[in-house]
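Visitor: The chain contents come next:
2 protein chains.
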Amino acid sequence: MSRIKETLNSIRACDPSFYKAAQKRLDNLTKPQASLGKLEEFAARVVAITEKMEPTLEKKAIFTFAGDHGVAEEGVSAFPKEVTPQMVFNFLGGGAGINVLARHVGADVMVIDIGVDFDFEGVEGLAHKKVVMGTRNIRKGPAMTRAEAIRCIEVGIELADEYAGRGYQIFGTGDMGIANTTPSSAIAAVFTKRPVEEVTGRGTGISDHAFRDKVWVIEDALKVNKPDPKDPLDVLSKVGGTEIAGIAGLILGASAKRIPVVIDGFISTAGALIAHELEPMTKDYTFAAHTSVERGHWIMLERMDLTPILNLNLRLGEGTGAALGISMIEAGVKIYNEMATFGEAGVSERQDSEVPAESKGA
Amino acid sequence: MSRIKETLNSIRACDPSFYKAAQKRLDNLTKPQASLGKLEEFAARVVAITEKMEPTLEKKAIFTFAGDHGVAEEGVSAFPKEVTPQMVFNFLGGGAGINVLARHVGADVMVIDIGVDFDFEGVEGLAHKKVVMGTRNIRKGPAMTRAEAIRCIEVGIELADEYAGRGYQIFGTGDMGIANTTPSSAIAAVFTKRPVEEVTGRGTGISDHAFRDKVWVIEDALKVNKPDPKDPLDVLSKVGGTEIAGIAGLILGASAKRIPVVIDGFISTAGALIAHELEPMTKDYTFAAHTSVERGHWIMLERMDLTPILNLNLRLGEGTGAALGISMIEAGVKIYNEMATFGEAGVSERQDSEVPAESKGA
Numbered sequence: 006m007s008r009i010k011e012t013l014n015s016i017r018a019c020d021p022s023f024y025k026a027a028q029k030r031l032d033n034l035t036k037p038q039a040s041l042g043k044l045e046e047f048a049a050r051v052v053a054i055t056e057k058m059e060p061t062l063e064k065k066a067i068f069t070f071a072g073d074h075g076v077a078e079e080g081v082s083a084f085p086k087e088v089t090p091q092m093v094f095n096f097l098g099g100g101a102g103i104n105v106l107a108r109h110v111g112a113d114v115m116v117i118d119i120g121v122d123f124d125f126e127g128v129e130g131l132a133h134k135k136v137v138m139g140t141r142n143i144r145k146g147p148a149m150t151r152a153e154a155i156r157c158i159e160v161g162i163e164l165a166d167e168y169a170g171r172g173y174q175i176f177g178t179g180d181m182g183i184a185n186t187t188p189s190s191a192i193a194a195v196f197t198k199r200p201v202e203e204v205t206g207r208g209t210g211i212s213d214h215a216f217r218d219k220v221w222v223i224e225d226a227l228k229v230n231k232p233d234p235k236d237p238l239d240v241l242s243k244v245g246g247t248e249i250a251g252i253a254g255l256i257l258g259a260s261a262k263r264i265p266v267v268i269d270g271f272i273s274t275a276g277a278l279i280a281h282e283l284e285p286m287t288k289d290y291t292f293a294a295h296t297s298v299e300r301g302h303w304i305m306l307e308r309m310d311l312t313p314i315l316n317l318n319l320r321l322g323e324g325t326g327a328a329l330g331i332s333m334i335e336a337g338v339k340i341y342n343e344m345a346t347f348g349e350a351g352v353s354e355r356q357d358s359e360v361p362a363e364s365k366g367a
Numbered sequence: 006m007s008r009i010k011e012t013l014n015s016i017r018a019c020d021p022s023f024y025k026a027a028q029k030r031l032d033n034l035t036k037p038q039a040s041l042g043k044l045e046e047f048a049a050r051v052v053a054i055t056e057k058m059e060p061t062l063e064k065k066a067i068f069t070f071a072g073d074h075g076v077a078e079e080g081v082s083a084f085p086k087e088v089t090p091q092m093v094f095n096f097l098g099g100g101a102g103i104n105v106l107a108r109h110v111g112a113d114v115m116v117i118d119i120g121v122d123f124d125f126e127g128v129e130g131l132a133h134k135k136v137v138m139g140t141r142n143i144r145k146g147p148a149m150t151r152a153e154a155i156r157c158i159e160v161g162i163e164l165a166d167e168y169a170g171r172g173y174q175i176f177g178t179g180d181m182g183i184a185n186t187t188p189s190s191a192i193a194a195v196f197t198k199r200p201v202e203e204v205t206g207r208g209t210g211i212s213d214h215a216f217r218d219k220v221w222v223i224e225d226a227l228k229v230n231k232p233d234p235k236d237p238l239d240v241l242s243k244v245g246g247t248e249i250a251g252i253a254g255l256i257l258g259a260s261a262k263r264i265p266v267v268i269d270g271f272i273s274t275a276g277a278l279i280a281h282e283l284e285p286m287t288k289d290y291t292f293a294a295h296t297s298v299e300r301g302h303w304i305m306l307e308r309m310d311l312t313p314i315l316n317l318n319l320r321l322g323e324g325t326g327a328a329l330g331i332s333m334i335e336a337g338v339k340i341y342n343e344m345a346t347f348g349e350a351g352v353s354e355r356q357d358s359e360v361p362a363e364s365k366g367a
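Chains A and B supply the protein sequences, listed in that same order.
Residue numbering for the first sequence is 6 to 367, as defined by the numbering used here.
Residue numbering for the second sequence is 6 to 367, as defined by the numbering used here.
Hints in this document: simulated from the structure, not taken from any laboratory.
You can take every hint at face value.
Remember, identical chains collapse to one label, so a pair may be satisfied in a single copy or spanning two.
For lysine-lysine, the following DSSO-like pairs were computed, each having C-alpha atoms within a straight-line distance of at most 27 Å: (1) 339 - 64; (2) 43 - 339; (3) 10 - 231; (4) 134 - 10.
If you're wondering where the values come from, they're calculated on a predicted model, not measured in any experiment.
My request is simple: use the sequences and hints to build the entire structure.
Guide: As structure tokens, this is what we get:
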């Protein structure tokens with residue numbers, strides 16, 4: 006717990022003077038002011054986060070946390086539980102979606118066993134950080150003890166510290182865990198105080214019957230556990246998951262180390278919400294990679310005042326959206342670093358300030 | 006003209022059986038079906054466009070067409086006209102936005118002088134394809150002769166043929182030309198039959214006064230020239246521009262050669278609309294990279310039934326949005342090519358077909 010407290014205490018809000026200094030440079034590049042839209046915002050945010058006037062994002066890491074969920078026994082998932090360890094092996098073999106997209110954007114993938122119900126002893130290439138052999142069924146009682154939840158968060162913080170020390174400059178979050186939309190919806194319901202059915206996903210082709218069952222499972226979990234929204238660790242331990250906790254810890258650690266962290270979809274956003282409820286200033290360090298059709302996702306992003314970068318109808322998880330989001334942020338930072346100024350390129354500036362910038366030849 | 010006719014005659018609609026074959030492979034990869042959303046659609050479209058079951062997009066080219074506009078003398082742009090050649094030199098020097106983003110996504114940039122009012126004789130690294138020394142002022146008469154417009158389209162077709170022959174697998178379009186949103190809005194108004202003010206951009210901070218003036222200029226241009234919407238070459242020559250014509254030609258050539266072509270923002274979309282009015286099947290080969298706040302942009306995309314990939318508030322042009330769009334399409338193609346199947350990875354498939362795919366651990 007002292008590790009978490011220490012981390013929370015070292016998170017500060019970003020200094021607005023860095024945004025201004027970054028925008029000053031951006032406004033002097035050979036383009037109409039603000040014409041690269043969000044790319045410019047990304048660059049200014051990275052300057053403010055890192056407090057470096059010439060930041061780069063060459064070393065990129067995506068952390069894919071894997072954990073199992075006792076609630077899978079309620080039949081809330083379309084896939085059998087053994088898929089969690091099978092997909093861990095797929096990640097290690099390089100054949101999963103996250104491997105492909107991380108390669109595409111030049112990021113390294115770190116696969117973390119934080120709570121898979123499978124013995125990975127001796128398996129190479131995996132970060133062995135197992136806290137539990139899967140959580141317990143939240144319909145019947147708490148997912149974890151408070152101590153287990155704290156340990157999971159500490160794993161995330163430790164990874165952030167380790168990879169910051171190794172020179173990584175941006176992090177992405179990812180998840181793998183059969184049934185993990187169920188605890189994510191539970192977390193969303195607790196903090197946003199919305200009815201469960203409003204924060205629970207129907208996905209593609211879900212039957213009314215299956216949706217109703219999933220909502221009931223989550224409603225039961227909230228009744229049985231009575232998680233306290235004023236105590237994020239209580240919520241996390243009672244209705245959360247190990248990978249969600251690891252993601253929350255990674256975000257806390259990244260925020261403390263002033264490293265931008267890009268969250269993936271619904272499950273990562275639940276982790277970000279835990280981090281946000283522990284320390285709202287984490288928002289300054291967090292980028293939301295993408296949005297999905299999940300209403301619960303939007304509601305959580307709104308609570309944190311985060312605007313998603315992409316909208317590609319992704320719903321795979323693993324960190325796949327985060328990989329693509331990282332590439333957009335890096336594009337912004339490269340614009341900031343590599344474009345010529347009007348003076349350097351010998352390009353004339355605006356002839357007046359009344360005519361719209363958009364009418365410049367493009 | 007025979008070159009254009011020949012090209013139009015060789016454009017065919019994409020064969021739906023290729024989409025189906027591609028989706029079959031996508032559905033067998035280690036992810037819930039359709040969970041990579043638009044990335045999967047991009048891959049299936051590239052398979053259908055190229056008619057190759059294992060397409061790759063390693064060789065990428067962005068064509069930035071530069072031309073001047075006589076209508077600049079009406080004061081419709083915030084920047085002086087000499088910025089067009091100055092930016093051409095900036096492109097050649099590698100310091101412009103398109104250079105940075107093309108490098109980021111691994112694309113080559115081809116800069117084409119198709120109608121700049123500047124003598125580039127002897128300048129290296131530039132494609133010397135000048136048709137006119139800038140267009141004439143459309144408020145007073147036609148921008149070009151019909152023969153000049155045809156020649157500009159042929160330039161685009163020739164470039165598509167040349168780069169297809171050199172092994173390029175995907176094209177992006179870009180533009181540079183002070184005042185070129187004015188002819189683009191004129192083209193949008195003619196084909197969509199919307200009032201000029203509905204397809205004319207206000208951009209950021211445009212005054213009511215400047216906006217009204219720009220609308221008047223375009224309304225005058227339409228009155229003076231009376232472009233015939235049933236004759237796209239008439240519209241292009243009377244109220245278009247050389248770079249818009251070059252982009253239209255590149256899209257026609259790409260469609261004939263079965264090469265996916267990614268259009269950038271407002272000006273490129275006006276070029277795509279010319280190509281579309283000449284041959285609506287070009288739509289099958291065209292991806293819209295991004296959308297902007299320009300209402301006219303949306304209205305043109307709707308006419309072509311194209312859905313933009315990104316929404317990053319870009320309004321620079323040059324091909325910057327196309328570069329980022331290409332990277333998203335390439336991500337989809339890599340997913341298609343590189344992900345493991347359930348069988349290859351030893352991952353169990355869905356246990357039933359009633360439960361939602363989205364509840365799978367991610």
